[in-house]
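Number of protein chains: 2
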Amino acid sequence: MVKKKTASPGKKIVLIGAGNVATHLGMALKKSGQDILQVYSRSKKSASDLANSLNAAYTCDLKQLDKHADIYVIAIKDDALAEIAKQIRFKSIVVHTSGSVEMTALKGCTSHYGVFYPLQSFSKARKIKLKNVPICIEASDKQTEKELIHLAEKISNRVIKIDSEKRQAIHLAAVFACNFSNHMYAIAEDILKTNHLPFQILQPLIKETAAKVEKNSPLKMQTGPAIRGDRNVMIKHISNLSEKKTSQAIYKLLSESIRENKN
Amino acid sequence: MVKKKTASPGKKIVLIGAGNVATHLGMALKKSGQDILQVYSRSKKSASDLANSLNAAYTCDLKQLDKHADIYVIAIKDDALAEIAKQIRFKSIVVHTSGSVEMTALKGCTSHYGVFYPLQSFSKARKIKLKNVPICIEASDKQTEKELIHLAEKISNRVIKIDSEKRQAIHLAAVFACNFSNHMYAIAEDILKTNHLPFQILQPLIKETAAKVEKNSPLKMQTGPAIRGDRNVMIKHISNLSEKKTSQAIYKLLSESIRENKN
Chain A
4 MVKKKTASPG KKIVLIGAGN VATHLGMALK KSGQDILQVY SRSKKSASDL
54 ANSLNAAYTC DLKQLDKHAD IYVIAIKDDA LAEIAKQIRF KSIVVHTSGS
104 VEMTALKGCT SHYGVFYPLQ SFSKARKIKL KNVPICIEAS DKQTEKELIH
154 LAEKISNRVI KIDSEKRQAI HLAAVFACNF SNHMYAIAED ILKTNHLPFQ
204 ILQPLIKETA AKVEKNSPLK MQTGPAIRGD RNVMIKHISN LSEKKTSQAI
254 YKLLSESIRE NKN
Chain B
4 MVKKKTASPG KKIVLIGAGN VATHLGMALK KSGQDILQVY SRSKKSASDL
54 ANSLNAAYTC DLKQLDKHAD IYVIAIKDDA LAEIAKQIRF KSIVVHTSGS
104 VEMTALKGCT SHYGVFYPLQ SFSKARKIKL KNVPICIEAS DKQTEKELIH
154 LAEKISNRVI KIDSEKRQAI HLAAVFACNF SNHMYAIAED ILKTNHLPFQ
204 ILQPLIKETA AKVEKNSPLK MQTGPAIRGD RNVMIKHISN LSEKKTSQAI
254 YKLLSESIRE NKN
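Note that the protein sequences, when read in sequence, are chains A and B.
Under the numbering used here, the first residue of the first sequence carries the number 4, and numbering increases by one thereafter.
Under the numbering used here, the first residue of the second sequence carries the number 4, and numbering increases by one thereafter.
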């Protein structure tokens, strides 16, 4: 019997979760030629919506998970992960996509487990090019690691091996660089709104601030009254924030921190 | 006598200051057809360097300022502004470029004064397209306002009239959106460095976080453990920051502030 020569077939994947990460990963994996068998979500609407766009089956019952997948990808909230992990048991690979949960949380699910953590902030409404997004891989064993890296390289050019401890440091750094910098934008928006000014006026500044650190250390790019030690301006700013006590406290603490870090 | 028909001639400008703002503004004004007569700086090297690239004269002596300019642009540190303003007196227009100093600081210099505030963070090493940068104009009288708007429109598509009070609010908002978000990047860099990880890994995340708010309110774009109320992750993060007390205090305060703002 002569085997036909074929392109390497896609992996059979089950997505557990139908949120932002599951959606973006699912789309990218499908596009790269993988076969999404099934989507699980507690919510029937979420499961069927995502399943439809991936041409997959769906279920809201963990007991009905398809048993024939090569890889199960758990992309759900961190605090729900342990509970889900308890209820599934497979022979094939099980991974989670979390920045902060240890890989060993999946030890009970299978003997081949790992982490597949895309370092990006996903919103359903925004298209993201996963090609440039770092994907952090960790695995229970060499063979699993090889398979996860192979899969990750189908959707990203920046696949890196990262252990649980380092991944947690990355996740913490990401909270500052993404969640907290976004909160700085939100406070700026609030100040402008109080003064009947559009947030949009800050766009070129926000863009340039982010672009500056593409090739430079942010420590060296620091500008503003705090790093210059311009006390008169800072006193005026703090007084202007007298109606916004939390933002005022943030102003003081961050200005002190910038002064401490001055190199 | 028949006058030759010529294109509207450039304004004659003297730059007082040779730092980042003076450099970027000077370059853009020259490129737009204005005539930079002279550059003043206390430092001979700074004055002559910028003057050379603008094909202008230079001086380090305020008494030697060229008396024939149409507009004097004071682009120096906020806390040096009052001192300089005391020493100059002209009949033509005098403006400063500061976000936080009141326009009336120039009252003694001339009877035609104003503010020409480009809302951007300038570094000498980086080229900036001023075309997209908002320029905030304020003036002592209608004629001066008209002339300043006309000049600003030569270098930017986003010229807006903004009074001193609103300009100070914009400047305060800019400290959050630019200086403080950069400091968030710096703390992220510090966390990564401690864990022997490159800051560069966060690039796609930083870029996307800034890009998200181009068309969306940052309040609505907030993600991360604080807005989700993911206490387990936050407790772990706070404990991971035990060696970095100031960053730990920032983590707590910003997480509380994000929770407060939840809409």
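Treat the hints with care, since some could be wrong.
Because identical chains cannot be distinguished in the list, a pair is counted as satisfied if it fits within a single copy or across any two copies.
[Said to hold, decoys possible] Capping the alpha-carbon separation at 30 Å, the derived lysine-lysine pairs in DSS-like fashion look like this:
| no. | residue 1 | residue 2 |
| --- | --- | --- |
| 1 | Lys-210 | Lys-169 |
| 2 | Lys-196 | Lys-218 |
| 3 | Lys-33 | Lys-196 |
| 4 | Lys-255 | Lys-265 |
Think of the hints as simulated: they come from the structure by calculation, not from any bench.
**OP:** Provide an ascending list of the numbers of those earlier hints which the structure does not satisfy.
**Re:** 3
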